[in-house]
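32 is the number that numbering that gives the first Met the number 0 gives to position 33 of the sequence shown; each next residue is one higher, with no gaps.
It should be emphasised that the hints constitute simulated quantities derived from the structure, not laboratory data.
Please note: incorrect hints may appear among the correct ones.
[Unchecked claim] Once the Cα atoms are required to be at most 20 Å apart in a straight line, the calculated EDC-like pairs of lysine to aspartate or glutamate come out as:
1) K190 to D101
2) K142 to E159
3) K26 to E159
4) K190 to E108
5) K37 to D166
6) K190 to E80
7) K38 to E108
8) K74 to E170
9) K48 to E195
10) K189 to D60
11) K48 to D60
12) K77 to E30
13) K194 to D24
14) K77 to E195
15) K189 to D92
16) K142 to E155
17) K37 to E178
18) K194 to E108
19) K189 to D78
20) K77 to D24
21) K37 to D139
22) K194 to E30
23) K74 to E195
24) K74 to D146
25) K77 to E108
26) K190 to D24
27) K38 to E178
28) K74 to D166
29) K74 to E159
30) K48 to D92
31) K74 to E155
32) K48 to E170
33) K77 to E159
34) K142 to D101
35) K38 to E80
36) K194 to D137
37) K37 to E80
38) K37 to E108
Quantities reported herein were computed from a predicted structural model and do not represent experimental measurements.
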Amino acid sequence: MSNNNHTKNQPHATFSHMEHGSAQDWKCIAEAFGPFAKKLPQRIIEHLKLLDGDFGGFQVDRLTHCLQSATLAHKAGKDEEYVVCALLHDIGDTLGSYNHADVAAVLLEPFVSEANHWMIKHHAIFQGYYFFHHLGMDRDQYKQYADHPYYQRTLEFVREFDAPAFDTEAEVLPLSFFEPMIQRVFAQPKKSLYKEAVNNFESNQPEKETA
């Protein structure tokens, strides 16, 4: 049985099927979406923490690997968006065990450039150069993208900031150092179907009277 936590004074939709939703129903939903969406950065941070203590056979846990990757990118002078991409590139390991790069890329897509999105989406194939041959796979699969405009960018990411980020002796910046970056990068999507819908809703609201 579902648990309905609406208080008596909390506006909410009343339909059981979306076909029967009214403008008032969707007004309630749109108004609830804003505060919920603003908490996305904190939810991302909490999900990233799930990687803490998960070694998966490596000598550093997955969170340390992500922090080390982001630290390397930061020290190399990469911009904030790139550093956040490095930090979150393996956040999909928990729910996307078979497609972790896709999960990370989908999360980042509304908030980052096309170049950074493509880089994260394809990093799993590019990193295969280092180990696919040990698993009976073709280590050169990444070369199928040799003519792609973001090929070199992804090659650099894996070579400089992913592959070397398993060092137990490396100096790693704490998650708290990167949290403000996550807050800023995820503050407002650059592109999203829902962003347009919410913007349209907000623009149609009457202006509040000032005293």
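Against the structure, the hints come out as follows:
no.	hint	verdict
1	K190 to D101	18 Å, holds
2	K142 to E159	18 Å, holds
3	K26 to E159	47 Å, violated
4	K190 to E108	8 Å, holds
5	K37 to D166	35 Å, violated
6	K190 to E80	15 Å, holds
7	K38 to E108	17 Å, holds
8	K74 to E170	11 Å, holds
9	K48 to E195	31 Å, violated
10	K189 to D60	32 Å, violated
11	K48 to D60	11 Å, holds
12	K77 to E30	36 Å, violated
13	K194 to D24	18 Å, holds
14	K77 to E195	30 Å, violated
15	K189 to D92	25 Å, violated
16	K142 to E155	14 Å, holds
17	K37 to E178	14 Å, holds
18	K194 to E108	13 Å, holds
19	K189 to D78	17 Å, holds
20	K77 to D24	44 Å, violated
21	K37 to D139	41 Å, violated
22	K194 to E30	13 Å, holds
23	K74 to E195	36 Å, violated
24	K74 to D146	29 Å, violated
25	K77 to E108	18 Å, holds
26	K190 to D24	25 Å, violated
27	K38 to E178	13 Å, holds
28	K74 to D166	16 Å, holds
29	K74 to E159	11 Å, holds
30	K48 to D92	12 Å, holds
31	K74 to E155	15 Å, holds
32	K48 to E170	19 Å, holds
33	K77 to E159	12 Å, holds
34	K142 to D101	19 Å, holds
35	K38 to E80	19 Å, holds
36	K194 to D137	41 Å, violated
37	K37 to E80	18 Å, holds
38	K37 to E108	17 Å, holds
Figure legend: structure checked against the earlier numbered hints; hints not met, in rising order: 3, 5, 9, 10, 12, 14, 15, 20, 21, 23, 24, 26, 36.
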